[in-house]
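Colleague: What follows is the residue order along each chain.
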Amino acid sequence: MIRTGVRLELYRAFHNLAYYIALGLGCAIAVLHFVMQVLPKTKAIGVFMNIDYPYSVFNSCLALDLGGFHQSLFFYSVVLLGTLPFGMSYFTDLRDGYIKNIYTRMDRKGYLLGKYLAVFLTAGTVCIIPLILNMALTMAVLPCLIPQVGTSVFAVAGAGMFSQLFYSHPFLYVLVYLIIDFCMVGMFACLALSLTKVLYNRYIVLFAPFVLFFTLQTVMMYTGFNAAGPYYILNPTQPTWENVPTVLTEMILLFLVGFFTFYLMGGKKRDAI
Amino acid sequence: MRYRKWVILIVCLLLFGVWAYFVYDVNERFSNPENRIVEQGQTASYKGLTIAPGEVEILSYQEMVERYPDFDSTYDEMGEEAEETIHEMAHYHYILVHLSIENPTDEKISFGKESITLWPIEVGVQGNGMDPFMLMYFNPGYDGSFTAHEKMDMILPYTIYTEYLTLEEIKKEDIRVVYSYYRTKNYIFYEGGERE
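Protein sequence lines correspond, in order, to chains A and B. Following numbering that gives the first Met the number 0, the numbering of the first sequence begins with 0 at its first residue and continues without gaps. Following numbering that gives the first Met the number 0, the numbering of the second sequence begins with 0 at its first residue and continues without gaps.
A hint or two may mislead.
[Said to hold, decoys possible] Cross-link-like lysine-lysine pairs, in silico, DSBU-like; alpha carbons within 30 Å at most: (1) A:Lys99 - A:Lys196; (2) A:Lys108 - A:Lys196; (3) A:Lys40 - B:Lys46; (4) B:Lys150 - B:Lys46; (5) A:Lys42 - B:Lys46; (6) B:Lys150 - B:Lys107.
It should be emphasised that the hints constitute simulated quantities derived from the structure, not laboratory data.
Taking the hints into account, I'd like the entire structure generated from these sequences.
Modeller: The following block contains the structure:
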């Protein structure tokens, strides 16, 4: 029975116009970055002096283009884009009465787990598919030259998290960051589920994870805990040096707050038929 | 419906093939640089010059002050900013790379835009450029050119921020002074380990 609920929610999430719109917006930023930032670099790729290093995928693609407008736009908006496809669905199910039809036909656990999983997966894929698309496009026109620390043209500082991995196995570094971004955006989007119980406007529910993301980022910046700023955690260029304990703590807290307030405190007990 | 799926599959395969060709082509034209190492006791040829690496000194700020008491005197040219900069210098470790550069040709060789000051240092995954003020202090006779048939002993000064690496960590790490990144990565190499 749990499986039925999960399958239904996943089907609803991924066969959803809002999902394609969010994905389209993310991919539009990725393609715009490729056209406006990466393609011009191909003209200068063969022009370098001995101490220079040609442009590489690892300092040009959207994920690793430090300080670029498109990168800032993408990582600041990705939580909102991730919430867009299915973040409001629990609100609409609950307020429109659809949830009554579901609870009379299937197991509650399956529905709630499916809902959490569907929001998490749609948000995660909306985050990483544009990054992968941009990287694939960049790889077609720029070489995958291994980063060199002394060139000062690669964003990841030596003191940053996984810097040794970046300077030895950059593809693995990108993969690790795709997983981090997937989880972070997924869990932020799931906060919309928790807040559904206390908010009575669907658009406030939609924007709530984004507002929390922005607020947390601002608070962390002004209190000096820069590494805990979610924008800094999401960004693979590490505008401020990250460390594994901070990232893990934030992810665990996000999961605990998001999942348990939705599933245990809100969803399971109080969704009356 | 089945026909449509096949068309989509073929289009996807074609797109993947074109993408794979582009990736292969660009990486074939710009492959990863090959490492060319020169160590102490060896010589390397670079732009007609013969480079012979000497020893490397790894010093804390205190050791630097003791060994070269007036090394920060060149900062006086900076005027008002000098005091702040000199105060900051206590937060760095110092790496001094000794080398001799000989011009065996009949002509004066000038580095022009590719100044020796652009040679960066790599210590593990930390990197830094050279400090031009200290370069002037250690090499007062250097003007960017090398006279024919003359040999010049030089000291290349580098700094590493104390928060990045401790002195012990620097001593254990491999040190690379890079004078060319592409198409070959040419560098002076000092193997890490138990240094004094």
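Colleague: Holds or violated: A:Lys99 and A:Lys196, Cα atoms, limit 30 Å.
Modeller: Holds, at roughly 16 Å.
Colleague: Mind checking the alpha carbons of A:Lys108 and A:Lys196 for me, to see if they're no more than 30 Å apart?
Modeller: 17 Å, holds
Colleague: Taking only the CA atoms, is the gap from B:Lys150 to B:Lys107 under or equal to 30 Å?
Modeller: Within the cut-off at roughly 12 Å; holds.
Colleague: Given the hinted pair A:Lys42 and B:Lys46, is their Cα-Cα distance within 30 Å?
Modeller: 27 Å, holds
Colleague: Run the distance test for B:Lys150 versus B:Lys46: straight-line Cα separation, threshold 30 Å.
Modeller: 15 Å, holds
Colleague: With the threshold set at 30 Å, check whether the alpha-carbon distance from A:Lys40 to B:Lys46 stays at or below it.
Modeller: Status holds; Cα separation ~28 Å.
In summary, this structure violates none of the numbered hints.
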